[in-house]
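Read off the chains here:
2 protein chains.
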Amino acid sequence: MSEPTSQPTASEKAAPVVDGGPDFSKGGGILPAIAQDAQTGEVLMLAFMNAESYAETLATGRAVYFSRSRNRLWRKGEESGNVQLIREIRIDCDSDAILLKVEQVGGAACHTGHRSCFYRRVTEQGLEVVGTPVFDPSQVYGKKSG
Amino acid sequence: MSEPTSQPTASEKAAPVVDGGPDFSKGGGILPAIAQDAQTGEVLMLAFMNAESYAETLATGRAVYFSRSRNRLWRKGEESGNVQLIREIRIDCDSDAILLKVEQVGGAACHTGHRSCFYRRVTEQGLEVVGTPVFDPSQVYGKKSG
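From first to last, the protein sequence lines are chains A and B.
Per the numbering used here, residue 26 is the first one in the first sequence, and the count goes up by one each step.
Per the numbering used here, residue 26 is the first one in the second sequence, and the count goes up by one each step.
No lab work stands behind these hints: they were computed from the structure.
You may find that some hints are simply not true.
One copy or two, either will do: identical chains are not told apart, so a pair holds if it fits within one copy or between any two.
Dumping the calculated SDA-like pairs for lysine to any residue here, alpha-carbon to alpha-carbon at most 25 Å [as the list claims (entries may be wrong)]:
(1) 51 x 155
(2) 51 x 100
(3) 51 x 106
(4) 51 x 95
(5) 126 x 105
(6) 126 x 164
(7) 51 x 66
(8) 51 x 128
(9) 51 x 159
(10) 51 x 65
(11) 51 x 146
(12) 51 x 99
(13) 51 x 160
(14) 51 x 137
(15) 51 x 153
(16) 126 x 73
(17) 51 x 130
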C-alpha cells in the first residue's frame, strides 16, 4: 500500500481478501489442478497436487504436481525442460480444485508434443486429433516415453 | 462427406480419426471434467463424470456430472436452470480427463453466482475475490444452498 491509512481503498473494497487455500483434507489429500495458458486461455492439462507439491509450486513459481502413478512429486518439465512458469493461481469455491495460469516453456505441455494434452476432439465417428505436435517426443525424451 | 469417394480428403488427412473415448476403468470409474466457456476460454468449474453421466452428456448435449458427495448424477442447472450446453468435448492424452467447451446459460457456473467457480486468486496475503457475482444465489436457489 502506498498510503498509511486505516481506511480501505476502493481497490480493497472491490477485491476483498479472504483466508485459506486449497483444502487438502478433501480428495484424500490429492486435488485436481488444471494448467491453463495464461496468454491464450487454452487448457493445457489436468494433473493432481498434494500439499507438498502445492507448497513447492508457490515457493518456486513453477508447476509441481503429484504423480499418482509414480507416487512422487512431479516437477513438470524435469525431463523435457518444458517447465510451467506460474502467472496466477486460482482456487475454486469448494477449495478442492486448483487452476494454474501458466507460461508453458517450449510451447507444449503434452508428452506427445502437442501444445495441450486435450488434443483429441470427440466426434460421432470417434476421437479426432486436433492440430499437430510442436515437438517430436523422441527428440525430447530420448528412449523414454514419459 | 459431400463426395462419395474412397480417397481421403485433405481434411481427413489433416485430422485423423482415432477410436475410443474416456477410459472410465481409470480413476475408480470417475474422471475429472473441466468446463470451459467455449467463447471466452474462461475455465468455469471442475467436476467429475462417470460413464453414465458422460453418456447422458453426449445424448442430451448438456453437461451431466457425477456428484461424489451426493453419489448420484448431477444434471448441471437442474435446480438453478443454469445448464451448460455442450459445444465441444476434448479427451486428454491419457484418456482420463475430459474437457467440455460449453455455453453457460445464465452467465454463471458457480452456485455463489460468480461466472466461474475459480473466482478466488491466491496472493501472499491470502485468497482475493476476483469479480462480482452475476446473480444472487438466494434468488436462484431459494432456501437451498446447492
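Here's how the hints hold up against the structure:
1. Taking the shortest Cα distances, residue 51 and residue 155 sit within 25 Å of each other only across copies (24 Å), while inside one copy they are farther apart (35 Å).
2. Taking the shortest alpha-carbon separations for residue 51 and residue 100, both the intra-copy value of 22 Å and the inter-copy value of 23 Å come in at or below 25 Å.
3. With identical chains, the CA atoms of residue 51 and residue 106 are never at most 25 Å apart, being 31 Å at best within one copy and 28 Å at best between copies.
4. In this homomeric assembly, residue 51 and residue 95 come within 25 Å of each other (Cα to Cα) both inside a single copy, at 21 Å, and across copies, at 15 Å.
5. For the homomeric pair residue 126 and residue 105, the shortest alpha-carbon distance inside one copy (20 Å) is at most 25 Å, but the shortest distance between copies (29 Å) is not.
6. For a Cα distance limit of 25 Å, the shortest separation of residue 126 from residue 164 qualifies neither inside one copy, at 27 Å, nor across copies, at 32 Å.
7. In this assembly of identical chains, residue 51 and residue 66 lie within 25 Å of each other by CA distance neither inside one copy nor across copies; the values are 27 Å within and 27 Å between.
8. In this assembly of identical chains, residue 51 and residue 128 lie within 25 Å of each other by CA distance neither inside one copy nor across copies; the values are 28 Å within and 29 Å between.
9. With identical chains, the CA atoms of residue 51 and residue 159 are never at most 25 Å apart, being 36 Å at best within one copy and 28 Å at best between copies.
10. In this assembly of identical chains, residue 51 and residue 65 lie within 25 Å of each other by CA distance neither inside one copy nor across copies; the values are 31 Å within and 30 Å between.
11. Taking the closest pair of Cα atoms, residue 51 and residue 146 come within 25 Å of each other only across two copies (19 Å); inside a single copy the shortest separation is 31 Å, beyond that limit.
12. Within a single copy, residue 51 and residue 99 get their C-alpha atoms as close as 20 Å, and across copies as close as 19 Å, so both meet the 25 Å cut-off.
13. Taking the shortest alpha-carbon separations for residue 51 and residue 160, neither the intra-copy value of 37 Å nor the inter-copy value of 28 Å comes in at or below 25 Å.
14. Taking identical chains as interchangeable, the C-alpha atoms of residue 51 and residue 137 lie at most 25 Å apart only when they sit on different chains, with a minimum of 20 Å there against 31 Å within one chain.
15. Taking the shortest Cα distances, residue 51 and residue 153 sit within 25 Å of each other only across copies (21 Å), while inside one copy they are farther apart (35 Å).
16. Taking the shortest alpha-carbon separations for residue 126 and residue 73, both the intra-copy value of 15 Å and the inter-copy value of 21 Å come in at or below 25 Å.
17. For the identical chains of this complex, residue 51 and residue 130 are neighbours neither inside a copy (31 Å) nor across copies (29 Å), given an alpha-carbon limit of 25 Å.
Checked against the numbered hints given earlier, this structure breaks hints 3, 6, 7, 8, 9, 10, 13 and 17; the rest are met.
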